[in-house]
Amino acid sequence: MGSHPDIISTVEFNYSGDLLATGDKGGRVVIFQREQENKGRPHSRGEYNVYSTFQSHEPEFDYLKSLEIEEKINKIRWLPQQNAAHFLLSTNDKTIKLWKISERDKRAEGYNLKDEDGRLRDPFRITALRVPILKPMDLMVEASPRRIFANAHTYHINSISVNSDHETYLSADDLRINLWHLEITDRSFNIVDIKPVNMEELTEVITAAEFHPHQCNVFVYSSSKGTIRLCDMRSSALCDRHAKFFEEPEDPSSRSFFSEIISSISDVKFSHSGRYMMTRDYLSVKVWDLNMESRPVETHQVHEYLRSKLCSLYENDCIFDKFECCWSGSDSAIMTGSYNNFFRMFDRNTRRDVTLEASRENSKPRASLKPRKVCTGGKRKKDEISVDSLDFNKKILHTAWHPAENIIAVAATNNLYIFQDKLN
Amino acid sequence: MGTMFARGLKRKSAEDGEDVEGGLAGTQATPSYSLQRQSLLDMSLVKLQLCHMLVEPNLCRSVLIANTVRQIQEEMTQDGTWRVLAPQAAGRAPLDRLVSTEILCRSVREQEGERPAADVGDGRTPGLVPGLSAVPSAQALRSPQSSLWEVDSSRENRGGFQKSLDQIFETLESKTPGSVEELFSDVDSSYYDLDAVLTGMVGSTQSGHGSGLQAFTAVATPPPGSSCRSDLGELDHAVEILVET
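Protein chains in written order, with this note's numbering: chain C, 1 to 424; chain F, 1001 to 1245.
Please note that the accuracy of each hint is not assured.
To be verified - Label-pair distances were calculated between CB atoms; the ranges are:
| hint | chain 1 | residue 1 | chain 2 | residue 2 | range |
| --- | --- | --- | --- | --- | --- |
| 1 | F | E1074 | C | D240 | 23 to 29 Å |
| 2 | C | T376 | F | E1074 | 29 to 35 Å |
| 3 | C | P365 | F | P1031 | 55 to 61 Å |
| 4 | C | L238 | F | E1074 | 28 to 34 Å |
| 5 | F | P1031 | C | N217 | 55 to 61 Å |
| 6 | F | E1074 | C | S253 | 16 to 22 Å |
These are calculated hints, taken from the structure and not from any lab test.
All of these numbers come straight from a predicted model, not from anything done at the bench.
Cβ atoms here follow ideal geometry from the backbone N, Cα and C, with glycine treated the same way.
The task is simple: from the sequences and hints, build the whole structure.
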């Protein structure tokens, strides 16, 4: 890997929203912390500043297969906070790590056996005992790896998800899903395996997986054929048989050689309520009611104007881009990215949607974002951009929404944008 | 990469197709459509072969491309069959409603009679050989059930597949040696070593790495004088030994 190590590959708020973690292609994790309200600097409230930076994964070489293992961070998931320290899981293609991020703002002084600079004191010179005292120091944030969960995935890990029991989590690769206990690194339980006996018969892979936010026995996984399976771990140890199967029947009038590719689901997310789930395929976002398997209850078009360009997008590989999606804290809105540094937000109540752009040229700090519009044909109005002018190198694959407030984080290649509602 | 190919080639109506003689079977597989389809097939095959070998290729992408290739092959098989049987007007739904997709600009130019050695430019798009004849008949194609991942399918069945691959390599071969090397410059040369082949095959839980090798096995014995293809011929031979065909 030589080029562009700063490309952001994952973005995730923690449970309170005070911390925002990003992972990049170079294996680094950068954590931002929200500034507390400060009367001296009234505008600083809500600003996110760098809190901690550490190298999570390094490139490795698999000698057996003669292939490199990328250090790119595919996903970060926070654990719920239980004490002063923060914990998160970060994963590359093969290895998941549990990191502890803790603050240190005091240090002990006045040791008996060693000097202030750490050198051991000559025992014969110690004539009296003293109690070390804690003195304040500049805040230091330390990240240390507490667990390394390795050697459980033959294929590339695409998802990790922490269970609502806060003790277990799942990791999913192209063909298998494993269940881990956070304390145990030397074994995991395989709960889904779709690898055919004969690899020549492989036609479908797992693309994403997530635990239900409240029911600790339920998880879903999506596939490259546009299906979602909901599994209940109580029914059997190996969840090869799903409890529910979600698939929308194909529209025969729009069938093409690209139909399957664009139906491949790149992300699946449960709503905070746990009653719905959302899936992202190449051209749309769909909201599903968990009680209805036959079709989604909502379909939102992200960039339908690309449908006539699928052959070119296949040629330049853009058709394989994996866009993520996310819910607002109240589940009333959903957001996903597109090309040209555009991202889309859909209000589920008002049925209104908006296209916004994440770029330095178009937004100054504290200025409102101007809605953008793509011209699909005919006369191009002023301020509209035509489909052929879109920059397909500028893709917004990763976005995150604060769990409680209207603050969003948008990753545009190697830049992170944080936008918030002015009403706050 | 900014601008997209804006040219599109509209699929001719079914009426025009009826005038085609000696081409693809029947009224609905018009020459322009079959050319589009062939170019898509060629592009897909090249995509499967040009997977970056330094890092394990993306299995999802490989599976989706392979499924696309299979779909095209199935349809071409059906067309071939349809040529033999009496035309069935009813029930041939899918071709009618195929969404018109863009055709590669280069392929259109070649159709109009330019030199076959098309400019491969960024090394990604396959040049098409003009006068690419209609799809081989059904017998020459692999059965629809056969999969791209197979190693031991008999050579006859791979006729159509092989023909497409041969044409891709012919086109590549006609370029200056420099550009061919450039095409494969980011492929580790150890890929062509027997060791790498064995390594790739032994790990039976292979993903894209294995599929890339297996795609190469369809290549026929290469003509002398082409170092690239002679390596692939050795690969083919090595794989044959491994699977004892």
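Of all the hints numbered above, which does this structure not satisfy? Sort the numbers upward. none
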